[in-house]
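K.L.:
Next come the chains, spelled out residue by residue.
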Amino acid sequence: MMNFIIIISISVALLYFLWVAARRSASDSAVHSDHPWEPAEYLVRLPPRALLDRFLSSEDVEYAATLHSPALLRRVVRERRRLAVAWLRQIRREAGRLYRLHLRTVRQAEGLIPAAEVKLALAAGSFLAVYVVLMGAVRLYGPLRTRRFLESLQTLANTLSNLGGRIAESIGPGLVPQSDARGVS
Amino acid sequence: MGLLSTAVWWAGYLLIVFIACRAWKSKLFAKYPFFFGYISLVLCSESVRFFLLVVASKKTYGIGFWITEFLGAIGGFAVTWEVYVQILAPYQGLRRMTKAVVSLVLALVVAKALVELGGSPLRNLGPTTVELERNLRAVQALLLLAIVGIVMHYAVPMGRNVQSMLMGYGFYIGCHVIALSFRSQFGYSVDTWRVWLQRLAYLAALTVWCGGMWSYAPNPVQHTLIDADYERISERTSRAFGRLREHVTQSWRS
Numbered sequence: 001m002m003n004f005i006i007i008i009s010i011s012v013a014l015l016y017f018l019w020v021a022a023r024r025s026a027s028d029s030a031v032h033s034d035h036p037w038e039p040a041e042y043l044v045r046l047p048p049r050a051l052l053d054r055f056l057s058s059e060d061v062e063y064a065a066t067l068h069s070p071a072l073l074r075r076v077v078r079e080r081r082r083l084a085v086a087w088l089r090q091i092r093r094e095a096g097r098l099y100r101l102h103l104r105t106v107r108q109a110e111g112l113i114p115a116a117e118v119k120l121a122l123a124a125g126s127f128l129a130v131y132v133v134l135m136g137a138v139r140l141y142g143p144l145r146t147r148r149f150l151e152s153l154q155t156l157a158n159t160l161s162n163l164g165g166r167i168a169e170s171i172g173p174g175l176v177p178q179s180d181a182r183g184v185s
Numbered sequence: 001m002g003l004l005s006t007a008v009w010w011a012g013y014l015l016i017v018f019i020a021c022r023a024w025k026s027k028l029f030a031k032y033p034f035f036f037g038y039i040s041l042v043l044c045s046e047s048v049r050f051f052l053l054v055v056a057s058k059k060t061y062g063i064g065f066w067i068t069e070f071l072g073a074i075g076g077f078a079v080t081w082e083v084y085v086q087i088l089a090p091y092q093g094l095r096r097m098t099k100a101v102v103s104l105v106l107a108l109v110v111a112k113a114l115v116e117l118g119g120s121p122l123r124n125l126g127p128t129t130v131e132l133e134r135n136l137r138a139v140q141a142l143l144l145l146a147i148v149g150i151v152m153h154y155a156v157p158m159g160r161n162v163q164s165m166l167m168g169y170g171f172y173i174g175c176h177v178i179a180l181s182f183r184s185q186f187g188y189s190v191d192t193w194r195v196w197l198q199r200l201a202y203l204a205a206l207t208v209w210c211g212g213m214w215s216y217a218p219n220p221v222q223h224t225l226i227d228a229d230y231e232r233i234s235e236r237t238s239r240a241f242g243r244l245r246e247h248v249t250q251s252w253r254s
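Top line first, the protein sequences correspond to chains U and X.
The numbering of the first sequence is my numbering, which starts it at 1 and goes up by one.
The numbering of the second sequence is my numbering, which starts it at 1 and goes up by one.
Don't take every hint at face value.
Label pairs and their calculated CB-CB ranges [stated by the list, open to error]:
id	chain 1	residue 1	chain 2	residue 2	range
1	X	TRP214	U	TYR141	56 to 66 Å
2	U	ARG82	X	ARG253	16 to 26 Å
3	X	ARG253	U	ASN3	47 to 57 Å
4	U	THR155	X	ARG232	31 to 41 Å
The hints are simulated quantities; they were obtained by calculation from the structure and are not laboratory data.
All C-beta atoms in this analysis are idealised placements derived from N, C-alpha and C, irrespective of residue type, glycine included.
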């Protein structure tokens, strides 16, 4: 039964990917790109950080709260969430554009290294993981609480890092292996 | 054979004769020797089957059918090979990447087979003809899945000929393996729809080949990048992703 399920899955996956490839090639046939790569295309176009600071500023929410209108406050928070989601999506689109650009360019490279490609795919995957976590947090808790949570996380990480440094110092240099010109002493 | 089934068989036969004649006229045999080798094999198989159906006994036809079916399954590797050769010919780096992926896939297949044989060697050493054919076709499906993955991931452009080869054969293999798996798992109870699924998938593949192989349409020519370019591009992408990750996490701190 296990063999049956594996083989059926392979066949269904093949049929599905062929269907996707056929659809994609039909839409891509008009925009066929085989031009040499331009360094300018590799410029990272990010939405400005000031924009995020502006719509995550607590002043607006505090002002809305002083008006004692729950509907207005809800609307402000909803609007901030929408903007934060749009900001994150823009960064994800930029990541997608960069990765697609990389793939389209390096497919012609003679010296393509599979290990380097896997490493880049992992970098793209880790970025995507960060994006998914942030997007989930923004959708579930809202951008303001997400920001507070990230700040407290950062503070905690700094505290732990300092603590680790102090512990290493208190152990003393004599107990920690030191490396010199001849190697580890 | 019923009237509909005879009509489908004749349609398939005429289509394959048509593809061969058209390829002969367009001088495609020399361009795609493995693919048209397979087409010739299928044409011969169909002719032998027809001959046996008319003149020989049912038992002889059965033996002839399974021999030609087995030869077809082996010959199918020629189409897979042609697809690989044609798609990857201009891409030396991608060939290396594909080699790594295919090696991994084949290693997994071998490892799985060894684990199964380790469990009960005697029983598993003698698969039925249906299982043997299914396994051969399943390996082809895996290889095609790997090349489709590479083509999609790197957005490799294909000419009409190669695209029809991949789409037609991939569709046929996908349906064929599903049909054989059900036959192998559930026996004769699913035979009617299995036969129809195989025949219709075969007809669909032939129709795709008919359109795609009408005339010579090579893959688009690509310019080649040198090694230094690859290193630079790879480094730039890596740096760009570092910046993106930093931006997305740092910006949320006030």
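K.L.:
Against this structure, judge whether each hint is valid.
P.N.:
How the hints compare with the structure:
1. TRP214(X) x TYR141(U): 56 to 66 Å: 59 Å, holds
2. ARG82(U) x ARG253(X): 16 to 26 Å: 21 Å, holds
3. ARG253(X) x ASN3(U): 47 to 57 Å: Distance hint for ARG253(X), ASN3(U) holds at roughly 52 Å.
4. THR155(U) x ARG232(X): 31 to 41 Å: At 39 Å between Cβs, range holds.
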